[in-house]
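A.B. asks: Single-letter residue listing:
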Amino acid sequence: MFDGEQVVDVEPVFGYLHRGSEKLAEERTYTQIVTLTDRMDYVSSMLNNQGYMLAVEKLAEIEPSPRGVWLRMIASELQRIASHLVATGFLLQDLGALGTPLIYAMRERENILDLFEMLCGARITNSYLRPGGVFMDAPAEFWPALDRGLDDIVQTIDELEEYLSGNEIVFSRTKGTAVLSPELLINASITGPMLRASGVDWDLRHRAPYDYYDRITFERKLHTASDNYARYWVRVQEARESVKIIKQCIEQIEPGPVRPSFDVVPRLLRPPVGDAYVAIEGSKGELGFYLVSDGGISPYRMHVRASSLINLTLLRDMLIGGQFGDLFVTFGSVDLNMGEVDR
Amino acid sequence: MTTVWSGNALAEAIEAFAPGSVESSAGIDVWVKAESISSVCEGLKSRSEFKFDLLSSLTAVDYIDHFEVVYHLTSLPMNSSAVVKARVGFGRKEASISSVVPIWRGADYQEREVWDLMGIRFDGHPNHKRIMLWEGFPGHPLRKDYVTYDQSIAAAAPDDSGASVDGGE
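In order, the protein sequence lines correspond to chains A and B.
The C-terminal residue of the first sequence carries number 816 in this note's numbering, and the numbering is unbroken.
The C-terminal residue of the second sequence carries number 170 in this note's numbering, and the numbering is unbroken.
Because the hints were derived from the structure by calculation, they are not lab data.
Here a beta-carbon is modelled for each residue, glycine too, at the ideal position from N, C-alpha and C.
Keep in mind that the hints are not guaranteed to be accurate.
Covered stretches of chain A (chain B as the covering partner; in silico rule of three or more C-beta atoms under 8 Å from a C-beta of chain B) [stated by the list, open to error]: (1) 478 to 491; (2) 673 to 684; (3) 755 to 766; (4) 783 to 796.
Result set (DSS-like, lysine-lysine): computed pairs, CA atoms no more than 25 Å apart in a straight line [what the hints assert, rightly or not]: (5) K694/A <-> K717/A; (6) K94/B <-> K130/B; (7) K130/B <-> K496/A; (8) K94/B <-> K145/B; (9) K720/A <-> K694/A; (10) K694/A <-> K648/A; (11) K496/A <-> K145/B; (12) K46/B <-> K496/A; (13) K46/B <-> K34/B.
Label-pair distances were calculated between CB atoms; the ranges are [claimed, not checked]: (14) G794/A <-> D124/B: 40 to 48 Å; (15) A698/A <-> G137/B: 17 to 25 Å; (16) E724/A <-> E50/B: 38 to 46 Å; (17) A27/B <-> E583/A: 20 to 28 Å.
So that you can see chain A by itself, here it is in the shape it has in the complex:
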């Protein structure tokens, strides 16, 4: 509802992309469900794969192969860059910068998707991870392509930042709009770049390291303004940090099998009765997978803690009282993915 240009009331209506993934998971085997997780947040499939696999490994008590873990860390950090680039590109598209920034961001994402194609043959719905690692080792030509790709990413981010981070139009449209206090953000369970843009140092890769993140050093980029610009800025800086993380992974990766042999981890998993909740730092925030096993070949219950949905909790606080023109910018800065909102 609007009063002239002013937003008076907002009511989000979800469900148009609801596919019932949680119900579908109850009649699929643990490996088959990987394909469902690809389709939740379809611009960060690798991260979804990673979160789900960590939950399966915790539930079934699987010790992953070191090379597989390094490979999936590289894949998921590449995915984080791609996701942040898409978020940034579409934010600027919504701001009215038609075409150019989005095309620049998408061009770089395209290179990352080419790297994924080398890794697993797929570009968007990757299904690259398996319990205990990944299903295929990276081909020899992947490593030089990755090195080139990382240089290109840094160059593209420099380019984007050069004409956007100090741009007066971007400033006037994004600074001071949709400001939220850190206490309110935490109370509303909002995590990820949105929380870090308010100055709260909370990154699960640092605070609760999973995989080998404890062997990686990286900076957590914080901004204190908590407005739309801060959220944009944090994403761009995090993409830079991800490049550094990947470089450290390349240095530390060791030869070996990419997943445990089928004698140790059978193709058909039957985890012991129990439940497990694992949360990772997804591209949008805390991405949690809750699995309940009854000892069978399918999970008894799977629940996904979708950050895209929960990050919308404060939508009314952000929009009501603001201007109509800021509505789209705020949507862009939240970085929601409808596939994850509805699942």
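Given the structure of chain A, go ahead and fit chain B onto it with the hints provided.
C.D. replies: Below, chain B alone, put in the same frame as chain A:
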């Protein structure tokens, strides 16, 4: 590294400020009585020994004879996490529990999702409506007794093999 509260330690700590509210504990889980969930959560959030300021996840599981509401809590200042569970709806009747939205606003959409898909009512929720499905949708799909479209076709097929579901015989 995040420290995880063990079930027994958390149960003891909860009993200290809310006597008689804990049902049992095992592993990292604590089962509290459904009627005392509000007071327990309020204490877990505000008391200085817990400071669970972030509700990570709220979900529910259908165990046929009852439902279980699962709360995953995180404390940013203490860097700790805990799991609290509550059993409701024994005999599949009158599954309801009080809402924790007054304590954590992050529960808003998550409780609506549980109501929509699992059919557990949250008393005191400010906007208690379905979230994914439309009003008037029959049943709650994540319940174990919900008959899916595929199952209903298989059940209606003339032979009991269910092979005609795909139309390919």
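A.B. asks: Checking against the hints above, which ones are violated?
C.D. replies: 12, 14, 15, 17
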